[in-house]
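Chains as they are written, first to last, in this note's numbering: chain A, 1 to 270; chain B, 1001 to 1313.
Don't read these hints as lab results, they were simulated from the structure.
Yeah, the Cβ is synthetic: ideal placement off N, Cα and C, and Gly gets one too.
The calculated label-pair distances, taken between Cβ atoms and stated as ranges, are: (1) A:G128 - B:Q1118: 56 to 62 Å; (2) A:V250 - B:Y1057: 42 to 48 Å; (3) B:Y1057 - A:R185: 43 to 49 Å; (4) B:D1161 - A:L11: 18 to 24 Å; (5) B:L1297 - A:G171: 40 to 46 Å; (6) B:L1035 - A:G12: 55 to 61 Å; (7) A:F38 - B:M1307: 48 to 54 Å; (8) A:W56 - B:Q1118: 42 to 48 Å; (9) A:V254 - B:R1069: 50 to 56 Å; (10) A:F38 - B:P1261: 23 to 29 Å; (11) B:Q1202 - A:L157: 25 to 31 Å; (12) A:R185 - B:P1229: 35 to 41 Å; (13) B:V1053 - A:G261: 36 to 42 Å; (14) B:Y1057 - A:V167: 51 to 57 Å.
If you want a taste of the chain B side facing chain A, the calculated C-beta under 10 Å gives, among others: (15) A1034; (16) A1045; (17) V1046; (18) N1055; (19) V1135; (20) I1272; (21) A1301.
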Amino acid sequence: MTRAVQYVLLLGVAAVFLGPLYWLVTTALKAPDEIYQFPPAWWPSRLTWENFGLAWDAAPFDRFFLNSTIATVAGTALKVANAVLTAYAFVHLRFPFKNALFLVILGAMMVPGHVTLLPNYLTVATLGWINTYAGLIIPGIGSAFATFLMRQHFRTLPREVTDAASVDGAGHLRTLWQVVLPMSRPMLVTVVVITAVEEWNNFVWPLIVTNTAEMRTLPVGLLILKDQEGLSNWGTIMAGTLIVLAPMLVIFFVAQRWIVGGITAGAVKG
Amino acid sequence: MTALGETVRAHPDAPVRPAASARPRPLREYGLFALMVAPNLIVIAVFAYWPIVYNAYLSLTDWNMIAVRPTFVGLANYARTLTDPAFHQTLWVTVAFTGLIVAGSLLIGLALAVLLDQPLMGSRIVRTLSFAPHVLSGAAVATLWLFVFDPGYGLVRALLDPLGITAPDLVNSSDGALFGLVIVYLWKNAGFAALIYLTGMQGLPRELDEAAVLDGAGSWTRFRRVTLPQLRPITFFLLITTVIGTFQAFDVIAVMTGGGPGDATTTLSWAIYSEGFEAFDAGRAATLSMIMFVLLLIVTAVQARIMERRMHL
Chain A
1 MTRAVQYVLL LGVAAVFLGP LYWLVTTALK APDEIYQFPP AWWPSRLTWE NFGLAWDAAP
61 FDRFFLNSTI ATVAGTALKV ANAVLTAYAF VHLRFPFKNA LFLVILGAMM VPGHVTLLPN
121 YLTVATLGWI NTYAGLIIPG IGSAFATFLM RQHFRTLPRE VTDAASVDGA GHLRTLWQVV
181 LPMSRPMLVT VVVITAVEEW NNFVWPLIVT NTAEMRTLPV GLLILKDQEG LSNWGTIMAG
241 TLIVLAPMLV IFFVAQRWIV GGITAGAVKG
Chain B
1001 MTALGETVRA HPDAPVRPAA SARPRPLREY GLFALMVAPN LIVIAVFAYW PIVYNAYLSL
1061 TDWNMIAVRP TFVGLANYAR TLTDPAFHQT LWVTVAFTGL IVAGSLLIGL ALAVLLDQPL
1121 MGSRIVRTLS FAPHVLSGAA VATLWLFVFD PGYGLVRALL DPLGITAPDL VNSSDGALFG
1181 LVIVYLWKNA GFAALIYLTG MQGLPRELDE AAVLDGAGSW TRFRRVTLPQ LRPITFFLLI
1241 TTVIGTFQAF DVIAVMTGGG PGDATTTLSW AIYSEGFEAF DAGRAATLSM IMFVLLLIVT
1301 AVQARIMERR MHL
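From just these sequences and the hints, can you work out the full model?
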């Protein structure tokens, strides 16, 4: 294949991945008369922000944003804390039947999340957590895969260093916080990144467990907006979609290195 | 082999050597272990293991989620489901959907990886671009594509119309909707497969390829006979994870088609949701959940077997 053909292919690939995003941004910035004309205007003749105002008026995006942020930050913090504490305990502490217990934790990876929806909904209802942050967050903070990654990593740290800390009189929690974690920063970043991306994009659980606009997260709020606008107000819907996608897009292009690294490392090490 | 000066470390699972001062009372250590592990273990027990037990029980009952208690009906739900033509359609849609997405992601991913592996200007940017959709919200991506596919003012029509082609309806027609979903999932996930393949390709030793060049093998032969076989573990990994992920795919289906039109895009994952949360038929939703659980358990077990065998080599 000649270089020229390769460049044409490369451009084609770029167009395929950029095209829909370009279509999204330009539609969100178009006035209605230009959205509904055919053939379409490839670039809006007049940039307008009115679609964003309409979307914001149609649904409480500030609440969605707040809820998504709370769920992502709290969910990620609790899940990673669980993973780190569990992994440390399994590497550095004695306990009867430790290996069997670890298999119990790993086995949770065999349970497909989608299969747990109905029972978890019923459990959360029994606990009185429907439409609460607890219901939104807590069912997701158990961690098998992240625990596995952290444990594999802790095992590679030289034993001499943790032993030295305990000779110096540091307790386990201090050793973990001041010795083990600082040595584990890259793995910690990986685990935080994969968890946070998952939490932010989570859809089906927040859809089931919340039932008022005040408790919806961004992806679910967008579905509500779409259903209420029907399939006609494309300007409003595209503006809402852009509001939902923009934060992640910006974060992705800024922190690309860590996100790509985290997700591929998380994938390949599984 | 141990390099000179490197300390030989005991197997990490070997009992920890009591360090000088601090390990006298095992009970205290047991207590600390329990405290550190309990939160994780409790959440896992309640929200990962208990659901399987609960599903197994509910699948033997008839319950509308309002009545005080479920009515025990034995295996009736299974008997009804397994002989139900609607369930056969659901299974067929799930298999077609999964097959198309798995084959598509692997083929497109591999082709993309080969292209991005060339020393071309801008290939890093294209790699980033193709990966970006993977981290975006499926619900938002689906909403975006609804407008791309819009038969009146969408991008697909805008591109095909000048060529004299009538744009297919990829959302509302029963023939097109499944393909519409597949296109969106491929757009979202092919870049991920490409990146995994690319990482794998760049980690391969050059010697084999160079030897093949000396033997006069052309680039296609080298790709087929040298590169591809070495990528087999990666292909296997992507195959398994894509099957498991696609079986549970939900957000794009929920936003784009809601399982329709009719039952044209009703996959097992959509059926679980609609039986449980639209029809409020807990027994049937639980039965479908158990079926999905068993199917995915088989996939996972095969994966575990093969991974284990490879690790012992």
